[in-house]
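With the hints as extra help, turn the sequences into a complete structure.
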Amino acid sequence: MDRYSLIVVTEETAPVRRFEVRKLVVRRALWAAAIGAVVSLVGAVDYVRIRIAHVELNALQIETADQRATIEAFDERLDEVRRELERVQDFERKLRIIANLPGSAASGGETVTEVGTHAEGDLGAAEGGVESIHQGPPEPSATAPPPRANRPDSGAKDPERMSWLYDELKNLDGIADSRGGSLEELIAELEVKHRKLASSPAIWPTKGWLTSRFGPRISPFTGRRQFHSGIDIAGRQGTEVFAPARGVVMFSGKRGPLGNTVILDHGYGVRTHYGHSSEIHVKRGQEVERGQVIASMGSTGRSTGPHLHYAVEVNGKSVNPLDYIFD
Numbered sequence: 000m001d002r003y004s005l006i007v008v009t010e011e012t013a014p015v016r017r018f019e020v021r022k023l024v025v026r027r028a029l030w031a032a033a034i035g036a037v038v039s040l041v042g043a044v045d046y047v048r049i050r051i052a053h054v055e056l057n058a059l060q061i062e063t064a065d066q067r068a069t070i071e072a073f074d075e076r077l078d079e080v081r082r083e084l085e086r087v088q089d090f091e092r093k094l095r096i097i098a099n100l101p102g103s104a105a106s107g108g109e110t111v112t113e114v115g116t117h118a119e120g121d122l123g124a125a126e127g128g129v130e131s132i133h134q135g136p137p138e139p140s141a142t143a144p145p146p147r148a149n150r151p152d153s154g155a156k157d158p159e160r161m162s163w164l165y166d167e168l169k170n171l172d173g174i175a176d177s178r179g180g181s182l183e184e185l186i187a188e189l190e191v192k193h194r195k196l197a198s199s200p201a202i203w204p205t206k207g208w209l210t211s212r213f214g215p216r217i218s219p220f221t222g223r224r225q226f227h228s229g230i231d232i233a234g235r236q237g238t239e240v241f242a243p244a245r246g247v248v249m250f251s252g253k254r255g256p257l258g259n260t261v262i263l264d265h266g267y268g269v270r271t272h273y274g275h276s277s278e279i280h281v282k283r284g285q286e287v288e289r290g291q292v293i294a295s296m297g298s299t300g301r302s303t304g305p306h307l308h309y310a311v312e313v314n315g316k317s318v319n320p321l322d323y324i325f326d
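One point on numbering: in numbering that gives the first Met the number 0, the residue at position 199 of the sequence shown is 198, and numbering is uninterrupted.
Derived from the structure by calculation, the hints contain no laboratory data.
Computed cross-link-like contacts, SDA-like style, restricted to lysine to any residue with a CA-CA straight-line distance of at most 25 Å:
| hint | residue 1 | residue 2 |
| --- | --- | --- |
| 1 | Lys206 | Ser295 |
| 2 | Lys316 | Pro219 |
| 3 | Lys282 | Ser298 |
| 4 | Lys316 | Ala197 |
| 5 | Lys195 | Val247 |
| 6 | Lys195 | Phe90 |
| 7 | Lys195 | Glu184 |
| 8 | Lys316 | Val247 |
| 9 | Lys282 | Leu196 |
| 10 | Lys253 | Asn319 |
| 11 | Lys316 | Tyr267 |
| 12 | Lys282 | Gly300 |
| 13 | Lys169 | Asp89 |
| 14 | Lys253 | Thr238 |
| 15 | Lys169 | Arg76 |
| 16 | Lys206 | Pro256 |
| 17 | Lys316 | Leu209 |
| 18 | Lys316 | His193 |
| 19 | Lys169 | Asp74 |
Distance windows between CB atoms, simulated:
| hint | residue 1 | residue 2 | range |
| --- | --- | --- | --- |
| 20 | His280 | Glu183 | 35 to 43 Å |
| 21 | Leu40 | Ile61 | 26 to 34 Å |
| 22 | Leu23 | Thr63 | 55 to 63 Å |
| 23 | Lys93 | Arg224 | 42 to 50 Å |
| 24 | Val37 | Ser4 | 29 to 37 Å |
| 25 | Phe226 | Gly266 | 21 to 29 Å |
| 26 | Glu288 | Ser211 | 23 to 31 Å |
| 27 | Arg81 | His280 | 53 to 61 Å |
All C-beta atoms in this analysis are idealised placements derived from N, C-alpha and C, irrespective of residue type, glycine included.
Okay, here's the thing in structure tokens:
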């Protein structure tokens, strides 16, 4: 037989119902049910996987957003570091200009050059001895931060931006190392400059009236023309005489026509002389500082009255003391 019979009895008194179903139909129904079950199972598995993927995607989106925010913050921080480096470089440039120190000044395309301040010396106070800044065409120096070329925009892929930021970080690291070395060199140069300036005569050595200048003059004793190697400052007997800069007393005592004389050695080839003193308050070998009292004005030696003969020598040659007075 190719059919299935199904008998249905509901109540004792009710008629019996009989149904016949072809076996082929039953088999097809079973296959359909099996296929439906498999499809439902696969759908359920796919649904679970999609839900899991959705959760993971949300987590990845959050992580990507965090990474992008980190990249943006890192990019902004690199910009801040670059600006700080440029400010440090500009500050160094100004320091070199103010201190008249040679070196790179790339921010404005300037080159600071320390010029010779005197034919016989380098203390920056002789005639024509001024700072010099030669303005040239803007040319970035080797240590200047180069322009930020090929910078990816904010819409670029994260790996591309990260690669560029990594290269930029290495670039700024190299610039920072270079600036660090340059600043260490600048500090050493400023220390030398400080010692030079502290040892450079810069103030009036006493109070009074300038009665005779440096250079040719008529001698008050012989009436003949002679070269005056210093300046004469007249004042009251006993007026204090000051050291115009840091130095060491190399002579203290009587010295021919100059009478009681003090000679200070300031280093760097510079010496100062103080003649006609009534009293000397320092000894040979003593170190003195700018403004320290070293003698009292007098009229010892060959003199027409109380005054100070003040002379400055640079590398053994007399120079105009007025070039070394700034106050």
